[in-house]
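Visitor: Now for the letters of each chain:
4 protein chains.
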Amino acid sequence: MLDLIELRRDLHRHPELGFTEFRTASKVVGLLRQFGYEVIYGQDAMEPSSVRGLPEKEVLEAAYERALRDGADPAIAAHMKGGYTAVVGTLRGVQEGPTVAFRFDMDALPITESTETRHVPQAEGFRSLYEGHMHACAHDGHTTIGLGLAERLSDRQFAGTVKLIFQPAEEGVRGAYAMVNKGMLDDVDTLFCQHLGCDVPLGEIHGSSAGFLASTKLEARFRGVASHAGSSPEKGNNALLGAATALLNIQSLPRFSTGETRINVGVLEGGTAANIIPETARMIIETRSVDEQTNEELERRVRNIIAHSAGMHELEHEVRVIGGAIPIVCSPELAEMTAEEAQHIEGFVNQKAMGQTSSLGSEDASYMIRRVQELGGKGTYMIIGCDLPAPHHHPEFDIQEEVLPRSVELLERLARRTLR
Amino acid sequence: MLDLIELRRDLHRHPELGFTEFRTASKVVGLLRQFGYEVIYGQDAMEPSSVRGLPEKEVLEAAYERALRDGADPAIAAHMKGGYTAVVGTLRGVQEGPTVAFRFDMDALPITESTETRHVPQAEGFRSLYEGHMHACAHDGHTTIGLGLAERLSDRQFAGTVKLIFQPAEEGVRGAYAMVNKGMLDDVDTLFCQHLGCDVPLGEIHGSSAGFLASTKLEARFRGVASHAGSSPEKGNNALLGAATALLNIQSLPRFSTGETRINVGVLEGGTAANIIPETARMIIETRSVDEQTNEELERRVRNIIAHSAGMHELEHEVRVIGGAIPIVCSPELAEMTAEEAQHIEGFVNQKAMGQTSSLGSEDASYMIRRVQELGGKGTYMIIGCDLPAPHHHPEFDIQEEVLPRSVELLERLARRTLR
Amino acid sequence: MLDLIELRRDLHRHPELGFTEFRTASKVVGLLRQFGYEVIYGQDAMEPSSVRGLPEKEVLEAAYERALRDGADPAIAAHMKGGYTAVVGTLRGVQEGPTVAFRFDMDALPITESTETRHVPQAEGFRSLYEGHMHACAHDGHTTIGLGLAERLSDRQFAGTVKLIFQPAEEGVRGAYAMVNKGMLDDVDTLFCQHLGCDVPLGEIHGSSAGFLASTKLEARFRGVASHAGSSPEKGNNALLGAATALLNIQSLPRFSTGETRINVGVLEGGTAANIIPETARMIIETRSVDEQTNEELERRVRNIIAHSAGMHELEHEVRVIGGAIPIVCSPELAEMTAEEAQHIEGFVNQKAMGQTSSLGSEDASYMIRRVQELGGKGTYMIIGCDLPAPHHHPEFDIQEEVLPRSVELLERLARRTLR
Amino acid sequence: MLDLIELRRDLHRHPELGFTEFRTASKVVGLLRQFGYEVIYGQDAMEPSSVRGLPEKEVLEAAYERALRDGADPAIAAHMKGGYTAVVGTLRGVQEGPTVAFRFDMDALPITESTETRHVPQAEGFRSLYEGHMHACAHDGHTTIGLGLAERLSDRQFAGTVKLIFQPAEEGVRGAYAMVNKGMLDDVDTLFCQHLGCDVPLGEIHGSSAGFLASTKLEARFRGVASHAGSSPEKGNNALLGAATALLNIQSLPRFSTGETRINVGVLEGGTAANIIPETARMIIETRSVDEQTNEELERRVRNIIAHSAGMHELEHEVRVIGGAIPIVCSPELAEMTAEEAQHIEGFVNQKAMGQTSSLGSEDASYMIRRVQELGGKGTYMIIGCDLPAPHHHPEFDIQEEVLPRSVELLERLARRTLR
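Residue numbers (the UniProt record's numbering), protein chains in the order written: chain G, 1 to 420; chain H, 1 to 420; chain Z, 1 to 420; chain L, 1 to 420.
Just chain G, with the same shape it has in the complex (with noise of 0.2 angstroms):
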């Protein structure tokens, strides 16, 4: 049996970003394969040309040597190389009968974990190893929960097919729609996702959620025309120009009457020295509303706003996806059926079908249910509690290890009482 707590330290101490996760995605290609589970993995995983915010080679090269030497099996990491880290594991019931599937986000955030001896991963000596990596956001214990219902599972005794999905990227909304292009939920009839904290305390659980937002990240690069500053400024094209205009006139798009939205400009970098009119520059930027459409539209302003601010100024331009997500609108019965399936577990007091999550922002689980939704299944968010000593992405974050076996009976309760 796998001791759930010994395994999410593990995890915990080897943090890996997004579509960094080689050593935790060989992991769980290795258990799921010794449980029994057909798995499929790296470009068979993931549509290579959806992939979002993929980092730059030299960051990609240098996780997988660390990956290397923290343990990863290197023939199953092989064939992760270049950010392929998703891996789908699939096991046949006794009998047939619908797909079920379950979904775990498996990366880590830039963040240093914090030192204070009252932060239990630095008391009982399971802290980041890395610095500038750190679990905190719980996706540690998602892992080590899809690994723990892996193995309950892997008696096979019910009617259908479980499928566990072991995402990349969650953090920046990447991973998911690579997944998604590639087909890998087009069979599955039930999916259910999960979160732990998320602001609900331990004991309580929500079998859905609302208020995640739509949003697109976008990566914007301007190209102009260097040139010296004193001797002949006319003939530059300045980058910066462009991308400075074209963040004021994005931070100015107008508030929707629809509803509430969101924009920022995150990141803006460019030029090179004192001297030089500035010939690149790059920003990124984030959209956000209630509903698809007008994030859509946003979207679309934003991109013509970008294609001017470089049109003004003779500039180059590209723009790339870089991370996205939808709403979230969870299937009742789903909703229902993890409430009452709650019900019959120790630790879980508290039991709410319909919950209300504004604080998390956006999910990019939401393109995986409403694929599954889009083929006439169900699917469903759920909130499972957990009190927080600090804040999500906060360096002293940590979660209670006792939600971890209660998550894995819930799990295994829906997988069963869905294939039975």
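Some hints could be false.
Which copy? The list can't say, so a pair holds if one copy fits it or any two copies do.
The calculated SDA-like cross-link candidates involving lysine to any residue, where the alpha carbons are at most 25 angstroms apart (straight line), are [to be verified]:
| no. | residue 1 | residue 2 |
| --- | --- | --- |
| 1 | K352 | P74 |
| 2 | K81 | I322 |
| 3 | K352 | D44 |
| 4 | K81 | V59 |
| 5 | K352 | S231 |
| 6 | K235 | A210 |
| 7 | K182 | V94 |
| 8 | K57 | E316 |
| 9 | K182 | R118 |
| 10 | K57 | E269 |
| 11 | K182 | I40 |
| 12 | K235 | E269 |
| 13 | K352 | R92 |
| 14 | K57 | T272 |
It is worth saying that the hints were derived from the structure and are not from the lab.
Once you have looked at the hints, place chains H, Z and L on chain G.
Guide: Frame of chain G, contents of chains H, Z and L only:
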């Protein structure tokens, strides 16, 4: 014989802005005919499609009515309706010969004349009758000199043709272009232009001048979509956002290593009310440069910025030229001839062939001079010194009237020498 | 007995913009006196230092002259000169008791009324006599109802005091504030405000309304230094650069997580000529929010942006409030009382205590209601349904006149019930 | 005897960026001491508080380690730690007399040297050992000349004192200022500065140069408050909004009628992630002008714009000077003396006292020359011609090494003539 002082004071009392010189031009037509000149005027002397910066229809009509009330000959003025106030008088000499032309400008400025008693027009009773209109750039004097010259040459004792060109709307560098494009300069072999004052003291004369800048004046209009700022801001297309963006980017155009340039957005107006997304905006922009090519490049860049500022906010836009000038390159032979002839006239104590006039800015006589030169002729722009109590375009600007007869004499000598 | 239809049509024919309701208010004063009310008006009813968004002096004077020509009583109107057109009529009942007040607005809009024959005022011959002025928001009806109510209550058969408040300049949310600051509401125990139309159909009545936004309208003025754009651009301090910078940064103010906000720079004007560095600029800005604190924070940020945009270009600046409103929180007792009383009146077939009015934007009756509530009284803002051929503020806006007598009856019932 | 070619090639192979000339300066200290000079260096030769544009600590430390690995004398280099790489060698002659100084710059550029076989350093095997670092402005030659001169004068056969000034960080016009403020120039009566190349052909020499611009390089930092862009955008203070506003307004600074100016925002960087309101931003700005007063005015305006852009968004900010220069006015006596002495040297076939160098931009030797002149001395900046295969700062830049010995000879003659 014309009383030059009285004539100048009559013109001074009745200042008329550019393209509304209905009274002034009617008087010019009448006197030229009286002196035996063949006169063409109105649309016969100006290409309608080339007119730049024409005032609004209501302004033209009100000025026309005022001119009639002030004694303009209705039979003459009727042909000038709509702003066609250019006049050209031609007189053939008793013998064949080349054509010499002189150019005079007739328009006043939108300035309210001083009521200080030290201001001669106030003290002597010929201050402008109209608040907000004033001859503050000596064009009343120029027109007077032109009519004085017309009278002197009415004896036709010369070999060739004299052409007297009375131009509207020099202020804003607007009126010359349409006369050139009507072909008014195409038969001219020698062209003399002149200005009184210009920081040159009484008694001094410059046979030529340098330093006039190429310039373009543009009007840009933006049209978006109005919308209620509270209930549906996203339905508006904000014309002021486009215009403000254009303004900042036009002002950010680079210095040129090719020589001095100037950029100004002189006017910006848009929007109607606090709670309406602004539907329209209007800008007036000016470019200047020491060379014509750079000025054209500036104009090209300004137009590009405007087009993309509009496109950025999905606005319609249009840009039109409302004024323009090019540098003046005087023919040295005429510069020297002018200096030589001035030596024969009492009152001109200091004669220079080559002058430098950096302070005047731009002059649209430049189009006339270049047209003559392009067709193989010669042209110059002389400065006739005159002590000024206040700078050009100042409410206390005034000229010394003794300069008028000697200027007439100088031009007469130049005409007779050229047509000897 | 007043002929309400005739009275409303007379007012409709003579629309007067905010703070220029000289004829309307004079008529109100005259009729209130005729009905036995004690009347205060002019500066006795408005605190001069609190007047927001007063028109220019010339506008006030021209409107005053127009009002006299249109029959305003000169003896009455003389005390309103300068824009002091507020009127308050008070009538004590035969018995002691509390004070109930009703508020009516009198001003028209800067809109040219339709000449379509389907437009009833055109067809019936009471279209506005003045182009560019129109009662397109039912204030002619409101004033008529107020005067009808005044007549009905002139029997003084009630226990307490009736106070009828006729407010200038509701458009632009300008006029109420100065009346509140003059103490006009300080003795009021119960306040009823009302509006006709507002997307509520004829026969329906809402005893209260919600959704009015807090709002501030600001005018900002920038003053720099003019300079010739060709000869000494560096000597100018460019007011339009400051204003354009302010505009882009105001439009870039962030969304608030506390609730919906709105921002608009509705007007920007500056500069005089192509070749002059712009010396002055003027902006009109509007902020809105669902809560007053956020609106105050928006106003604070707008002022800070303006101050620093001015400082950046070494401009002087001033900002003044030209309008404002706060949210309305209706007293539920009055809402219910209104719905109850409406049940007794033929023509009101659908009575709701609680209404939601998201489309109206802002109302400065909000200051009056809050003042009454702050001092322990109660207030409400009711909506009296009325089918509209065109939206509020539209050239074809019109009301159904049958709503006038039943509105008078409703208000009379509320007055008598309150002062029973 | 020093082998000048070998010395120059050794320096060329080991280029060191400004303030990291640890190996170069250590070698200079060692040789000067070997030749009998009294040497001061490190913080004894530079005022720490006046150092402009010092690299980051990590950069300094890495460069220091590299220098030690490349053979820098650790005992000498230790006193240069932290970027204090200035060296001054003084030698008193056998007789009393005035002090003549020569200035040489030692730093390289952040350019990767060409690997083309036509590029002599590549072909001859002395290409830079370090990618991204290159002597592409002849400072390797300058340092070589300085050391050659040191050796020649080691006989002390002159009446007075020779002072050899080896300056760090001329690129970015950074290093001279701290040496001047340490008083290094205060006892100098005559100062000769020189540059190789500068579009002057081999064999030609200019005893002076003109056209260097006053310039200031500034670094501005903005600090706001980060906040989640989705859940609480209003809690952020957006540093990039402030920086983009500063950029557009700095670029909009007016032309000056007093002479040519230049403005450039060469670098802008800020923000961390798509979903975070940007907390910090950094800009690098350059001003230039033909006269120092105008450059100071530009700097003042830039600082004002930055302060108000920060204030507008409630950001903290700081601005520091990271480089600067003033115009150079050469003493004509020294210009003529240089031209005269060059006539005695084979290889200098064309000697001009007065040169015009418009293409170089700015030079911080200007501070040294002015300091000497302020205290009653004389200074000049000569150009020693040299045919260049590619422009200054180009990856294929190179010098003709035959110019080195004749340059040493010229400076020796100037030293001996001055101290005769």
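Visitor: Each hint should be assessed against the structure and marked as holding or not.
Guide: To see whether the hints hold, each was checked on the structure:
1. K352 - P74: neither (44 angstroms within a copy, 71 angstroms between copies)
2. K81 - I322: So K81 and I322 pass the 25 angstroms test inside one copy only (19 angstroms; across, 44 angstroms).
3. K352 - D44: neither (37 angstroms within a copy, 61 angstroms between copies)
4. K81 - V59: Close inside one copy (12 angstroms), not across copies (32 angstroms); limit 25 angstroms.
5. K352 - S231: Close across copies (24 angstroms), not inside one copy (70 angstroms); limit 25 angstroms.
6. K235 - A210: between (53 angstroms within a copy, 24 angstroms between copies)
7. K182 - V94: neither (27 angstroms within a copy, 85 angstroms between copies)
8. K57 - E316: Answer is within: at 23 angstroms inside a copy they meet the 25 angstroms cutoff, but 36 angstroms across does not.
9. K182 - R118: Result: close neither inside a copy nor across copies, 44 angstroms intra and 51 angstroms inter.
10. K57 - E269: Both. Shortest intra-copy (20 angstroms) and inter-copy (22 angstroms) distances satisfy the 25 angstroms Cα cut-off.
11. K182 - I40: Classified as within: same-chain Cα gap 12 angstroms, cross-chain 70 angstroms, threshold 25 angstroms.
12. K235 - E269: Classified as both; 21 angstroms inside a copy, 23 angstroms across copies.
13. K352 - R92: neither (31 angstroms within a copy, 59 angstroms between copies)
14. K57 - T272: both (22 angstroms within a copy, 20 angstroms between copies)
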